[in-house]
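Peer 1: With the hints as constraints, model all of the structure from the sequences given.
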Amino acid sequence: MADYRDLWKSLDMDLEKHDQLCAVLPEFYGDIYLSQENRPEGMNYYNFVVSEIHGLRIKELAEHKEKGGKVFGSFCVFVPDEIIFAADAIGVGLCGGSDFWIPDGEKVLPRNMCPLIKASVGAKLSGTCPYFQSADLLVGETTCDGKKKAWEILDEYTPIHVMDLPQMKREKDKIHWIDEIKIFKDKVEELTGNKITKEKLEEAIKLINKKRAVLQRLYNTRKAENLPISGKDALLITQIAFYDDPNRFIEKTTELCEELEARIEKGESVFKEGTKRILVTGTPMAIPNWKLHHLIETSGGAVVCEETCTGSRYFENLANEEAENIDEQIKGLANRYLGINCACFTPNEGRIDDIIRLYKEYKADGVIYYSLPFCHTYALEYKKVKEALDKEGIPVMMIESDYSLQDAGQIKTRLEAFFEMLDSSKNEKEVAATK
Amino acid sequence: MKRTFQTYVLFPSHTDGLALEKVLKSNNMKYTIVPTPRDLSKCCGISILINPDDTKQVEQLLKKHSDIKTEGIYTIEKKKRNWFG
Chain R
43 MADYRDLWKS
53 LDMDLEKHDQ
63 LCAVLPEFYG
73 DIYLSQENRP
83 EGMNYYNFVV
93 SEIHGLRIKE
103 LAEHKEKGGK
113 VFGSFCVFVP
123 DEIIFAADAI
133 GVGLCGGSDF
143 WIPDGEKVLP
153 RNMCPLIKAS
163 VGAKLSGTCP
173 YFQSADLLVG
183 ETTCDGKKKA
193 WEILDEYTPI
203 HVMDLPQMKR
213 EKDKIHWIDE
223 IKIFKDKVEE
233 LTGNKITKEK
243 LEEAIKLINK
253 KRAVLQRLYN
263 TRKAENLPIS
273 GKDALLITQI
283 AFYDDPNRFI
293 EKTTELCEEL
303 EARIEKGESV
313 FKEGTKRILV
323 TGTPMAIPNW
333 KLHHLIETSG
343 GAVVCEETCT
353 GSRYFENLAN
363 EEAENIDEQI
373 KGLANRYLGI
383 NCACFTPNEG
393 RIDDIIRLYK
403 EYKADGVIYY
413 SLPFCHTYAL
423 EYKKVKEALD
433 KEGIPVMMIE
443 SDYSLQDAGQ
453 IKTRLEAFFE
463 MLDSSKNEKE
473 VAATK
Chain Z
431 MKRTFQTYVL
441 FPSHTDGLAL
451 EKVLKSNNMK
461 YTIVPTPRDL
471 SKCCGISILI
481 NPDDTKQVEQ
491 LLKKHSDIKT
501 EGIYTIEKKK
511 RNWFG
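Sequences listed follow chains R and Z, in order.
Here the first sequence stands for residues 43 to 477, where the numbers follow the numbering used here.
Here the second sequence stands for residues 431 to 515, where the numbers follow the numbering used here.
Simulated from the structure, these hints should not be mistaken for laboratory data.
Computed from a predicted model, the values in this text were never measured in an experiment.
One should not assume that every hint holds.
27 Å max Cα-Cα, derived DSSO-like pairs, lysine-lysine [what the hints assert, rightly or not]:
(1) LYS248/R <-> LYS265/R
(2) LYS59/R <-> LYS472/Z
(3) LYS509/Z <-> LYS486/Z
(4) LYS314/R <-> LYS510/Z
(5) LYS308/R <-> LYS460/Z
(6) LYS211/R <-> LYS190/R
(7) LYS499/Z <-> LYS314/R
(8) LYS509/Z <-> LYS101/R
(9) LYS433/R <-> LYS471/R
(10) LYS314/R <-> LYS432/Z
(11) LYS432/Z <-> LYS253/R
(12) LYS314/R <-> LYS508/Z
(13) LYS454/R <-> LYS510/Z
(14) LYS509/Z <-> LYS454/R
(15) LYS460/Z <-> LYS510/Z
(16) LYS510/Z <-> LYS101/R
(17) LYS308/R <-> LYS432/Z
(18) LYS452/Z <-> LYS308/R
(19) LYS191/R <-> LYS229/R
(20) LYS265/R <-> LYS314/R
(21) LYS510/Z <-> LYS59/R
(22) LYS472/Z <-> LYS460/Z
Derived list of chain Z stretches under chain R, where covered just means 3 residues or more per stretch with a C-beta under 8 Å from a C-beta of chain R [stated by the list, open to error]:
(23) 474-483
(24) 500-512
Have a look at the derived ranges for each label pair, beta carbon to beta carbon [unchecked claim]:
(25) THR340/R <-> LYS509/Z: 36 to 44 Å
(26) ARG212/R <-> ASN458/Z: 53 to 61 Å
(27) GLU241/R <-> SER456/Z: 39 to 47 Å
(28) ASN512/Z <-> GLU470/R: 32 to 40 Å
(29) ASN359/R <-> LYS494/Z: 36 to 44 Å
(30) LYS190/R <-> LYS494/Z: 55 to 63 Å
(31) ALA449/Z <-> ALA304/R: 21 to 29 Å
(32) LYS499/Z <-> GLU363/R: 39 to 47 Å
All C-beta atoms in this analysis are idealised placements derived from N, C-alpha and C, irrespective of residue type, glycine included.
Peer 2: Structure (structure tokens):
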């Protein structure tokens, strides 16, 4: 087997602790992912990326750095990758989806903090995440109070730049966000020593748009009556989109889409007839947080879409490719990013519209509102969302859960009851329609 | 409970794994790229999971494509752990 220990050592990692983390992955991934039946052949590429998650990609980052290139790590869909790639740097999403890192996070953060933040900080402090160790600069944002304060603590361990995301979407907020992107551009230019020209930025905008478009194409296949791919697999693909090489990702995901579209033509499905179609909405799911999807898809449901940051929020809406100069390009980027309906905004009615639209587009039977514990914005927004969905007659259930596995049985029971309820409400609707 | 066995091909590097993948694909053989099980290696990285019944055929293909290096073919019993209770 390829030996990456020297590479990890050069990144100042805690090899012993990292070894404990690596020990779990093959079995965990195997039981969750490889146990699926009739999986598309194209998933082999994503199996490959996961198998090499701390190997090949880290080696590629190291080679890039050896040539003088820079690596930027980010945590959020608001950080504009276009600016990073336009300076010939590489942007990667950072880890934060495992219980493994929580104890280290809790050494410096309060316990009543969302697991994503605790795990992210813990991943850095424990020296077990090679992506954190490869990043020349972390890019934070002000999407929630927990993160804002966590950056101040993380700053003691690694360089960080924080983008001030406005919390409203008025004209003056847009101007502010344009300014923030400009400040970020200056920072990226300074760190990389590369000037971001109009041409370079145009190239990067097209590249990232292409990645978004292929993700949309993938998601479109999930609108089919016979689902050619599981929700679990689709989630994995979106998670990988955050950190794998964009060109390779686009090429391989295009191949997969071709296979899935052929499956749709043949009416081939990975689920039994009658499986409940579920739209998941809420907080992001960082690798390897596959828990909710796995529980849904082993309890009689199929996830057909995610209205989350590891879902439609990441790729919907493309940035303007036709701008004439840098100022216009940045304005186009600001527009695109401020179109994301994160719960950090007030008001945030756009998200409710998105949920209803996606529910219809993906022909879902019900909505599961997922929230990580202590994620105030999403937990609070449930009230408004539920009221709107009730009005539309859309069944919804909220599930709050962290990365631990203890509550799995309880969640499964609730899911099964929810799916049963969807059955009876469907029957009632059909009876009412024939009367 | 019925015991099930799985067969893995291990490689010195991922490029050898991807090279074998190409060969298996062109020969219409079933395979899955998987993380190497801990029981077989302490280093992370890819292996190729094949049907135990195909072992002979894969060995023959490897003989034919001697440029593809492997670290052996192993058959082990499949463990099943119930992660979520």
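Peer 1: State for each hint whether it applies.
Peer 2: We went through each hint and held it up to the structure:
1. Only pairs whose Cα atoms come within 27 Å are accepted, and LYS248/R paired with LYS265/R is accepted, the gap being roughly 26 Å.
2. Distance restraint check for LYS59/R and LYS472/Z: the Cα-Cα separation of roughly 13 Å lies within the 27 Å cut-off, and the hinted pair is therefore satisfied.
3. Among the hinted pairs, LYS509/Z with LYS486/Z is consistent with the structure: their alpha-carbon atoms are about 24 Å apart, no more than 27 Å.
4. Only pairs whose Cα atoms come within 27 Å are accepted, and LYS314/R paired with LYS510/Z is accepted, the gap being roughly 23 Å.
5. Of the supplied pair hints, the one linking LYS308/R and LYS460/Z holds, its CA atoms being roughly 21 Å apart against a limit of 27 Å.
6. This hinted pair checks out: LYS211/R and LYS190/R have alpha carbons roughly 20 Å apart, not beyond 27 Å.
7. About 41 Å separates the Cα atoms of LYS499/Z and LYS314/R, which puts this hinted pair outside 27 Å; it is violated.
8. Taken as a hint, the LYS509/Z and LYS101/R pair is broken in the structure, with Cα atoms around 31 Å apart against an allowance of 27 Å.
9. A C-alpha spacing of about 15 Å is found between LYS433/R and LYS471/R, which places the hinted pair at or below 27 Å, so the restraint holds.
10. Distance restraint check for LYS314/R and LYS432/Z: the Cα-Cα separation of roughly 25 Å lies within the 27 Å cut-off, and the hinted pair is therefore satisfied.
11. A C-alpha spacing of about 44 Å is found between LYS432/Z and LYS253/R, which places the hinted pair above 27 Å, so the restraint is violated.
12. Between LYS314/R and LYS508/Z the CA atoms are separated by roughly 26 Å; this keeps the pair inside 27 Å, and the hint holds.
13. Restraint check for LYS454/R and LYS510/Z: satisfied, since their Cα atoms lie roughly 19 Å apart, inside the 27 Å limit.
14. Note on LYS509/Z and LYS454/R: the hinted pairing holds, with a Cα-Cα distance of about 23 Å set against a maximum of 27 Å.
15. Simply put, LYS460/Z and LYS510/Z have alpha-carbon atoms about 22 Å apart, close enough for the 27 Å limit, and the pair holds.
16. Of the supplied pair hints, the one linking LYS510/Z and LYS101/R is violated, its CA atoms being roughly 32 Å apart against a limit of 27 Å.
17. Taking the CA atoms of LYS308/R and LYS432/Z, the gap is near 34 Å; set against the 27 Å cutoff, the hint is violated.
18. Our distance criterion of 27 Å between C-alpha atoms is met by LYS452/Z and LYS308/R, whose separation comes to about 26 Å.
19. Distance check on the hinted pair: LYS191/R and LYS229/R sit about 21 Å apart at the alpha-carbon level, within 27 Å; holds.
20. Proximity of LYS265/R to LYS314/R is assessed by CA-CA distance (about 16 Å); at most 27 Å being required, the pair is judged to hold.
21. A hinted pair counts as satisfied when its Cα atoms are at most 27 Å apart, and LYS510/Z with LYS59/R qualifies at roughly 25 Å.
22. Taking the CA atoms of LYS472/Z and LYS460/Z, the gap is near 26 Å; set against the 27 Å cutoff, the hint holds.
23. For the stretch 474-483 of chain Z, the assignment as covered by chain R holds, since 5 residues bring a beta-carbon within under 8 Å of that chain's beta-carbons and 3 suffice.
24. Check result for the stretch 500-512 of chain Z against chain R: holds, 4 residues qualifying (beta carbon to beta carbon below 8 Å, three or more required).
25. Between THR340/R and LYS509/Z the beta carbons are some 18 Å apart, a value that contradicts the proposed interval 36 to 44 Å.
26. Look at ARG212/R against ASN458/Z: about 60 Å separates their beta carbons, and that is inside 53 to 61 Å.
27. For the pair GLU241/R and SER456/Z, the beta carbons lie near 41 Å from each other, so the given range of 39 to 47 Å is met.
28. Between ASN512/Z and GLU470/R the C-beta distance comes to about 36 Å, which sits within the given range of 32 to 40 Å.
29. The beta-carbon spacing between ASN359/R and LYS494/Z, approximately 50 Å, falls outside the hinted interval of 36 to 44 Å.
30. Taking the beta carbon of each, LYS190/R and LYS494/Z are about 60 Å apart, inside 55 to 63 Å as hinted.
31. At roughly 26 Å, the beta-carbon separation of ALA449/Z and ALA304/R lies within the given 21 to 29 Å, and the hint holds.
32. A hinted range of 39 to 47 Å holds for the C-beta pair LYS499/Z and GLU363/R, which are about 44 Å apart.
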